[in-house]
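Assemble the dimeric complex from its two separately framed chains, guided by the hints.
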Amino acid sequence: MNEIEHIQKLDAAAGKVPPVDVSTRVLREIRVARSRITDAKPLWFAALVSGLAAAAVVLVAAQTFSGLQDPLGDLLTPVLTAFQ
Amino acid sequence: MDHDPDRADITASLAGDGEAFRRIVLRHQAAIARRMRRFGRDTAAVEELVQDVFVEAYFSLRGYSAKAPFEHWLNVIATRVGYGFLKRRQKQMRSTSHVTDLENYSASQTENPSEAAEALHHVLDRLSPRDRLAITLLHLENHTVAETAALTGWSKTMVKVQAFRARANLRKLLEKSS
Numbered sequence: 180m181n182e183i184e185h186i187q188k189l190d191a192a193a194g195k196v197p198p199v200d201v202s203t204r205v206l207r208e209i210r211v212a213r214s215r216i217t218d219a220k221p222l223w224f225a226a227l228v229s230g231l232a233a234a235a236v237v238l239v240a241a242q243t244f245s246g247l248q249d250p251l252g253d254l255l256t257p258v259l260t261a262f263q
Numbered sequence: 110m111d112h113d114p115d116r117a118d119i120t121a122s123l124a125g126d127g128e129a130f131r132r133i134v135l136r137h138q139a140a141i142a143r144r145m146r147r148f149g150r151d152t153a154a155v156e157e158l159v160q161d162v163f164v165e166a167y168f169s170l171r172g173y174s175a176k177a178p179f180e181h182w183l184n185v186i187a188t189r190v191g192y193g194f195l196k197r198r199q200k201q202m203r204s205t206s207h208v209t210d211l212e213n214y215s216a217s218q219t220e221n222p223s224e225a226a227e228a229l230h231h232v233l234d235r236l237s238p239r240d241r242l243a244i245t246l247l248h249l250e251n252h253t254v255a256e257t258a259a260l261t262g263w264s265k266t267m268v269k270v271q272a273f274r275a276r277a278n279l280r281k282l283l284e285k286s287s
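Order-wise, the sequence lines are chains A and B.
Counting from 180, one number per residue, gives the positions in the first sequence under the working numbering.
Counting from 110, one number per residue, gives the positions in the second sequence under the working numbering.
Hints are not guaranteed to be accurate.
Claimed, not checked - Mimicking DSS-like on lysine-lysine, the simulated pairs with C-alpha atoms at most 25 Å apart in a straight line are: (1) B:K196 / B:K281; (2) B:K196 / B:K269; (3) B:K285 / A:K188; (4) B:K196 / B:K285; (5) B:K285 / B:K200; (6) A:K188 / B:K269; (7) B:K176 / B:K265; (8) A:K188 / B:K281; (9) B:K269 / B:K281.
As the list claims (entries may be wrong) - Between beta-carbon pairs, the in silico distance windows are: (10) A:V211 / B:D151: 49 to 55 Å; (11) A:A226 / B:G125: 25 to 31 Å; (12) B:M267 / A:R207: 35 to 41 Å; (13) A:S229 / B:R203: 40 to 46 Å; (14) A:W223 / B:N221: 49 to 55 Å; (15) A:R210 / B:S286: 44 to 50 Å.
Hint data in this document are derived by calculation from the structure and do not stem from the laboratory.
Think of the CB as a built atom: it goes at the ideal place given N, C-alpha and C, for glycine as much as any other residue.
Chain B on its own, in the form it takes in the complex (with noise of 0.2 Å):
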């Protein structure tokens, strides 16, 4: 009964065949593509969070216990690694004063899907990585408390306290640049 592509390869990248990851590769950089695109701001960037979501995962296979589907192991990754990222970008932020007038983005003037990515981005940049993630991940993507609690590691209470912070922040932030 075990047809799981997933985990045939598992065995084989375990094994030491490269061209098993890279079907694994394949199969699942869509769908994180999707998800990382949250946390980079341009093609480039999603793309090298796409590639340390897969490298972390490589260096991790012996972790995965196959309790759960290999998605959903893998979205825990990609969670970290885009959070990471955004701490990072924080900091480059803060050292740089990347500041620059919200006004000029509005949701009614974002017709362009590249404008309105940048008005998204500019609009999140500004939020800390713990209030973009739990918005992120509840109100972007659609995951539920107990969802986002498994993805980040934080606790059902927590994912809630977090969300209601981060969503009190946006409301300010907004309200400040209309």
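In isolation and in its complexed conformation, chain A is listed as follows (with noise of 0.2 Å):
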């Protein structure tokens, strides 16, 4: 009897598997998993939010700090132009 033979023989002998029924648990299943998809929803909505916010605060502190230096800016420009 070679390898397969041997092993399609055990196969033959274990037999059917018994009847399974696993129609309620997987709808169990299919409704935690969705009810988890929809938990974590609001955790991207969150997550989505806070770096629009980030990154508003770094515009806007971009544009204040732009700001700053425009000042500067314009009192120097008369300066120079009274040396040239």
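Here it is, written out as structure tokens:
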């Protein structure tokens, strides 16, 4: 008996699998997984909002910083032009 | 001409009808359980695998293009779930060094179905997941090379190479034990 016949014989002797009914378990598992996805949504939303807020803060800071440079630039311009 | 009950239930499931998906499970669970028996050792493990197949199928349902029969599509998922189970199981077995003597198991001593199932899993557990998948699909489920390639996502050449290696490893294993 070769190796394939050996395992085929064991497989045949192992008989049939007893009837299973997992339908209720499957639907419950799907419900749980879906609610997990729904619960996770606000977290994504919160992360998105905080990311946008952080980006806005950086933009405002950059604008403010560049605005602070302007007066200095304006003050220096007449001085520099006077020397020319 | 469209009398395919799966197609109608798939459409209803996608529209949120849970009972339609229950009908799909009821229609296919026996066939999937027969397939998963070759991966899971006991009834509880088989049930768990069957459940995993249908849960994965549910969340992939939008990807079903209806080009092939639904059961073929389901079988691809079942093969993937079974293969994933084998890989996880092999890791566990390595970490717990699950080794017992093969001599206790021989085909001639296995008149009892549960003993035969135990012996079969005992032999197959010693193969790598890839070897085991090749042996299972080609020699226990009698799929052709082309069908095995479609189920596993391997090329036909890869299936042939894997089958050759798997068979050699199985032979070595059985020679060692005899």
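Hints breached by this structure: 10
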